[in-house]
Structures are given as structure tokens and as C-alpha cells.
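Undergrad: Top to bottom, those sequences are chains B and U. According to our numbering, the first sequence is numbered sequentially starting from 272. According to our numbering, the second sequence is numbered sequentially starting from 272.
Derived by calculation from the structure, the hints in this document are not laboratory data. These numbers were taken from a predicted model, which means no experiment stands behind them. Check the hints yourself; a few may be wrong.
Copies of the same chain look alike in the list, so a pair counts if it works inside one copy or between any two.
Claimed, not checked - List of simulated lysine to aspartate or glutamate pairs, EDC-like, C-alpha gap at most 16 Å:
#1 Lys389 to Glu429
#2 Lys339 to Asp359
#3 Lys299 to Glu429
#4 Lys299 to Asp425
#5 Lys299 to Asp427
#6 Lys389 to Glu327
Each chain, written out:
There are 2 protein chains.
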Amino acid sequence: MITGHVFIATSLDGFVARTSGALDWLMKQPTEGEDHGYDAFMASVDGLVMGRGSFEAVRAFDEWPYAKPVVVMSRTLGQDDIPSALADQVTLTRLDPAGVMTMLEGQGWRRVYVDGGKVVHSFLRDGLIADMTLTRIPILIGEGRPLFGALDRDVDCEHLDTRTFPSGLVTSRYRVVNRPD
Amino acid sequence: MITGHVFIATSLDGFVARTSGALDWLMKQPTEGEDHGYDAFMASVDGLVMGRGSFEAVRAFDEWPYAKPVVVMSRTLGQDDIPSALADQVTLTRLDPAGVMTMLEGQGWRRVYVDGGKVVHSFLRDGLIADMTLTRIPILIGEGRPLFGALDRDVDCEHLDTRTFPSGLVTSRYRVVNRPD
Chain B
272 MITGHVFIAT
282 SLDGFVARTS
292 GALDWLMKQP
302 TEGEDHGYDA
312 FMASVDGLVM
322 GRGSFEAVRA
332 FDEWPYAKPV
342 VVMSRTLGQD
352 DIPSALADQV
362 TLTRLDPAGV
372 MTMLEGQGWR
382 RVYVDGGKVV
392 HSFLRDGLIA
402 DMTLTRIPIL
412 IGEGRPLFGA
422 LDRDVDCEHL
432 DTRTFPSGLV
442 TSRYRVVNRP
452 D
Chain U
272 MITGHVFIAT
282 SLDGFVARTS
292 GALDWLMKQP
302 TEGEDHGYDA
312 FMASVDGLVM
322 GRGSFEAVRA
332 FDEWPYAKPV
342 VVMSRTLGQD
352 DIPSALADQV
362 TLTRLDPAGV
372 MTMLEGQGWR
382 RVYVDGGKVV
392 HSFLRDGLIA
402 DMTLTRIPIL
412 IGEGRPLFGA
422 LDRDVDCEHL
432 DTRTFPSGLV
442 TSRYRVVNRP
452 D
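Same shape as in the complex, but just chain B (with noise of 0.2 Å):
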């Protein structure tokens, strides 16, 4: 069966990026070349699934970061915002996350890296995740996009371990249980 998996970082007080969708916050960190396990993360996936938001923040990087597939779920969003250069890497979707779920599925994918505020909770409150991987940037805030949202029940999770880093960066995983219905 296809999985969702969560890999992301938020503040203390629990967002992922400023109202605006502004990292600086996230990247002012002093990271001394450790990766936080982003590359034995990435390894473990068939490719990554994102809303428009991160693909436009990700987009306007230098260079393109991802090596395999990036599926954008948009209902704005159409062909022509695509740069052609990432033709072969991005797809756009409308479906929602049990489509694109099955969608991958038979595209051979097994491992879904869910990736974006909007997007994670739109997956978890559908029963698509199975872990989270979340880390605590030593900052606060104070408003901005948060990570979770509201949900029809509430959703136990089991701790399956922490790394702290000298950065300050601490990451824990959590297994998702009690998914909802």
C-alpha cells in the first residue's frame, strides 16, 4: 500500500513559514553541514508530493533541489506556470490527496514524501500519513502558516524516536495511529 510521509521542520510556536511564506527565519539557522537526515529521508521515497505554495517558495531557489519526481497539487495553477526545464520532473494535479494517492499508486510509487503546510494536514486528515518527521527550529515566531489544523477527531501518535544536533535543531518521529476515518 502507498504511504504518506511527513518531513518537516516548523518553529517552536509551530509554523512553517511566515504569513508572507517567508524562511528567512528557517535559513538564518546555522546548520555547519549537517543535513538533519533530509538525505536518508529523501532516499526513502519515490518522489514528493506539494501545494502551490511550496512550489512557488521552491521554485524561486537558484536551483531546482529535488532529484526525483514532484507532483503540485493547484487548482490554479496550469501548464504554462511550469517552467519548461522542470517539464519532466513536475506534474500538476487536481485531485484531491486519496486521488493523487491512487494515482501514484499506479505510477509504482510506494512512498510519498507529503511535503507543505496546507498539504500535510490535508493528507493527514484524510488518513494518508503514516510518520511524521518533525523538526523544532530554536526560534519563536509569533504568527505565520502552521504546520497542523483542525480536525474531525483527535490523532494519537507514537513516538518512535528524537535526534538532537548541535545547531540546536531537534527532530523527533512519530508514528501516526489512529488515523482518521
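For chain B, the structure is supplied; the task is to place chain U on it using the hints.
TA: Here is chain U on its own, set in the frame of chain B:
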């Protein structure tokens, strides 16, 4: 100088209580006789400051849980709201956070346990928190009373240490580096 210290648990989505104030999601955690550092922390403070919400939640317990003096910040509670059995242990105040700290310093307090979402936030905003011990409960509750809130500027923290427990709780200590002006 008198300093404020936070020791508080939140859900993975950052809430200290449900919207109603309920703590059932917290109480159901299997703590297995482990106090998660609470007794040592409590031994390190001269007393507690909390808001009306925390006071009313704690007052409903079968037994008053604190051996140290408690200051309740409230503009609506009156002396009649303090059970007579607690009159020696609980003080009401309408002072603001800085005023409370000055008052307590005058009484010889050095380290104050600052408790409850709104009160923690107001002390943090006013630069009165020296460090925070944040415990993550492995559950998402979707909505509730958040620990943190809006700030005038970013608050950088320094990660001091993290402990994990068989219960699944993860406790991280942070020093507050640049306190807000």
C-alpha cells in the same frame, strides 16, 4: 534578578488545553510513575504565577497540587473565589507581568514558575522568561488554547537539552536568548 521559568506540556499541534479548557487528552497519557522532571523543576522555584483559566482548572482537582505559593493574575476573580482552605497559599493580583515580578522580588522570590498559555505568552512578550521546558505530548487535538501567540519580533532560543521518555513524551529545554524589548 528575579526570572520567569516555563514548564509546560503541549500537544504536537501546540495546544495546552482544548478550547473548553479540557485536559483529558493530556491526562490519558501513560506516564508510568514518571514525573518527566516536574518535581526537580518545582523544587527549583519559589512559587507559581498563573491565570484564571489555569487556576480554575487546578481548583477543580480533588486535591490542591501545589506546596508552594501561587499568585493568580485575574481582573475578574475576587477574594470570594479563593476557597478559604487556600487563603494562605493563593494570592490574587491585578498587576501586569512586570508588576507581578517586582512585587515577588520584593518578597524575596528569585525563580518564578510561570504557568498557563495566556500568562506564559504575556510574560514572554514582556521579556520576563529566562527559559522554557517544553514537553510534547504525542497527540494532535486539532484545535484548542495555544501556548504561544503574536510577538513584536522574533524570539531566538538556545536549545539546552532534550529528554525522551518511554511514555512517548519528549521534553526540550530552551534558554530565551533575545528577549523582546
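Undergrad: Determine for every hint whether it applies to the structure shown.
TA: Checked hints:
no.	hint	result
1	Lys389 to Glu429	neither (22 Å within a copy, 28 Å between copies)
2	Lys339 to Asp359	within (10 Å within a copy, 65 Å between copies)
3	Lys299 to Glu429	between (31 Å within a copy, 14 Å between copies)
4	Lys299 to Asp425	between (34 Å within a copy, 12 Å between copies)
5	Lys299 to Asp427	between (33 Å within a copy, 11 Å between copies)
6	Lys389 to Glu327	within (14 Å within a copy, 35 Å between copies)
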